[in-house]
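Line by line, the protein sequences give chains A and B. When you line the first sequence up against the numbering used here, it's residues 1 to 214, in that order. When you line the second sequence up against the numbering used here, it's residues 1 to 214, in that order.
Derived by calculation from the structure, the hints in this document are not laboratory data. Errors might be hidden in some of the hints.
As the list claims (entries may be wrong) - Calculated pairs, DSS-like style, for lysine-lysine (alpha carbon to alpha carbon, straight line, at most 30 angstroms): (1) A/Lys142 / B/Lys32; (2) B/Lys32 / A/Lys9; (3) B/Lys142 / A/Lys142.
What the hints assert, rightly or not - A short, non-exhaustive set of chain A residues, derived as facing chain B with CB atoms under 8 angstroms: (4) Lys9; (5) Leu49; (6) Glu51; (7) Ser52; (8) Thr54; (9) Ile72; (10) Gln76; (11) Thr79; (12) Gly81; (13) Pro87; (14) Val92; (15) Leu116; (16) Ile126.
As the list claims (entries may be wrong) - Take a look, some chain A residues computed to stay more than 10 angstroms from chain B by CB distance: (17) Arg90; (18) Gly125; (19) Pro128; (20) Pro159; (21) Leu175; (22) Leu209.
In this text, a Cβ means the ideal position worked out from N, Cα and C, and glycines have one as well.
Given next are the chains, with one letter for each unit.
Number of protein chains: 2
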Amino acid sequence: MTDNTPHQKISVAIDVLIFTVEDDTLKIVLVKRNEKPFKDLYALPGVALRESETLEEAAERSVGERTGLKNIFLEQLYTFGAIDRDPRNRTVSVAYYALTDPEKLIAVHNADGVSLVPVNEVLAGISPLAFDHREMIDYGRKRLCGKVSYSGIAFEFVPEEFTLPQLQRVYEILLGEKLYKANFRKMISPLVEETGNMLTGQAHRPSKLYRRKG
Amino acid sequence: MTDNTPHQKISVAIDVLIFTVEDDTLKIVLVKRNEKPFKDLYALPGVALRESETLEEAAERSVGERTGLKNIFLEQLYTFGAIDRDPRNRTVSVAYYALTDPEKLIAVHNADGVSLVPVNEVLAGISPLAFDHREMIDYGRKRLCGKVSYSGIAFEFVPEEFTLPQLQRVYEILLGEKLYKANFRKMISPLVEETGNMLTGQAHRPSKLYRRKG
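Just chain A, same shape as in the assembly (with noise of 0.2 angstroms):
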């Protein structure tokens, strides 16, 4: 950093990728922009970054802001810095994603503006978004997907206790394509055991719940 004279007029802006997992389909938090530029396309949920806080604070704020959600798990994704990405000024952005299971995610629905939408929906074009944010989520899409084999972070789509059969889906959904009962069980035995607890009711048999070792 040798060069570093403050002689910049450039913004830094987070913008957060929350996914979830609902209804058989990955899904992104988007919110529908009120204000120019791009006003009334849907954006992801971001703010400026203030000189008081981290990016993961900022990171955090956005969520919170958009979902009311806390505590959940959130990494840094990329930082995306095309000059002309922001027609207002140059805004380089420091993406976050953050994963939930759709349960905490019940005001979103709710709240006004804010849409969970299906990600191959967004990747397809069918509606333009803001800014770079379909470039985002198509980055985001892939290291989920990239993340899903070697790390646990499949986890963080399910409740605490959860059915084999339903983490199974999650996996599904998050490589794109179907696995055998058997390979996935095999794979994900070490990672996990049994709580004890059933899951009762509806038309389903009752089913073992497991959760995460810890």
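Once you have looked at the hints, place chain B on chain A.
Chain B in isolation, oriented as in the chain A frame:
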């Protein structure tokens, strides 16, 4: 990005970790600072982002100014935004890492105030670094190590034509452990092909030269 009022006084810097493998050691390019803050301490080569350049262009500029290198492997690492990381003013730094084989870095050894330093020495904290650059190098070292197994990143550290023992040494240095020759060859054989040339001279018997498969 709904609250993007331009009330910020935040600078954006780009810092680059230029890694190489020389004398069986993972090394990194550091530059001695000749101004405050952290005068006379070593730092990563970095620049202030200009309004008219992308993040990648700024990273390339930073590498070029210090080493004369062009068109080397460059990838975004992580964005560092601790509030007090720069005592002058709030500065968010987008860190990149660059990989190169040491032959291309000859100019660096001669340049004033530019050094090629073993990463282990830096991480051992023998001499303090400017800013949070030691943290950046720690993070970069881990990313590098993680990428060795599942990507072809090690090829960036050898010339276009290389011997298999040469490549194996790079893997060992990046992974921090000895590899069995037979295992290494099995792992690497789908990725390389013979060039038909031989490495001769020195104290060695002639060795077959390989290149990465297209």
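Outcome of the hint check:
1. As the CA atoms of A/Lys142 and B/Lys32 are separated by approximately 39 angstroms, the hinted pair breaks the 30 angstroms bound.
2. About 28 angstroms separates the Cα atoms of B/Lys32 and A/Lys9, which keeps this hinted pair within 30 angstroms; it holds.
3. Using a Cα cut-off of 30 angstroms, the hinted pair B/Lys142 and A/Lys142 holds, with the two alpha carbons roughly 21 angstroms apart.
4. Hint on A/Lys9 holds. Least Cβ distance to chain B is approximately 6 angstroms, under the 8 angstroms limit.
5. Taking 8 angstroms as the C-beta cut-off, the interface hint given for A/Leu49 holds, the closest approach to chain B being about 6 angstroms.
6. Evaluation of the A/Glu51 hint against chain B yields a held restraint, the C-beta minimum of about 5 angstroms falling below 8 angstroms.
7. With its C-beta approaching chain B no nearer than about 7 angstroms, A/Ser52 sits inside the 8 angstroms limit, and its interface hint holds.
8. For the restraint placing A/Thr54 at the interface with chain B, the shortest Cβ-Cβ distance is roughly 6 angstroms, inside the 8 angstroms limit, so the hint holds.
9. Hint on A/Ile72 is violated. Least Cβ distance to chain B is approximately 20 angstroms, over the 8 angstroms limit.
10. For A/Gln76, the shortest C-beta to C-beta distance to chain B is roughly 6 angstroms, which falls under 8 angstroms, so the interface hint holds.
11. Hint status for A/Thr79: holds, given a least beta-carbon distance of 5 angstroms to chain B, under 8 angstroms.
12. The criterion of a C-beta within 8 angstroms of any C-beta in chain B is met by A/Gly81, whose closest approach is roughly 4 angstroms, and the hint holds.
13. Residue-level restraint check for A/Pro87 is violated (minimum Cβ-Cβ distance to chain B is 11 angstroms; threshold 8 angstroms).
14. Given the 8 angstroms rule on beta carbons, the hint for A/Val92 holds: about 5 angstroms separates it from the nearest Cβ of chain B.
15. With a least beta-carbon distance of about 18 angstroms to chain B, the hint placing A/Leu116 at the interface is violated under the 8 angstroms criterion.
16. The interface hint given for A/Ile126 is violated, since its Cβ lies 22 angstroms from the closest Cβ of chain B, which is over the 8 angstroms cut-off.
17. Listed as a non-interface residue, A/Arg90 fails to keep its Cβ farther than 10 angstroms from every Cβ of chain B; the least gap is roughly 5 angstroms.
18. Against the 10 angstroms criterion, A/Gly125 stays outside the reach of chain B, whose nearest CB is about 20 angstroms from its own CB.
19. Non-interface call for A/Pro128 relative to chain B: holds, since the shortest CB-CB distance, roughly 15 angstroms, exceeds 10 angstroms.
20. With a cut of 10 angstroms on Cβ distances, A/Pro159 stays outside the contact zone with chain B, its closest approach being about 30 angstroms.
21. With a minimum CB-CB distance of about 16 angstroms to chain B, A/Leu175 clears the 10 angstroms threshold, and the non-interface call stands.
22. The Cβ of A/Leu209 lies farther than 10 angstroms from every Cβ of chain B, with a closest approach of about 33 angstroms, so its non-interface assignment holds.
Going through the hint list in order, the structure does not satisfy hints 1, 9, 13, 15, 16, 17.
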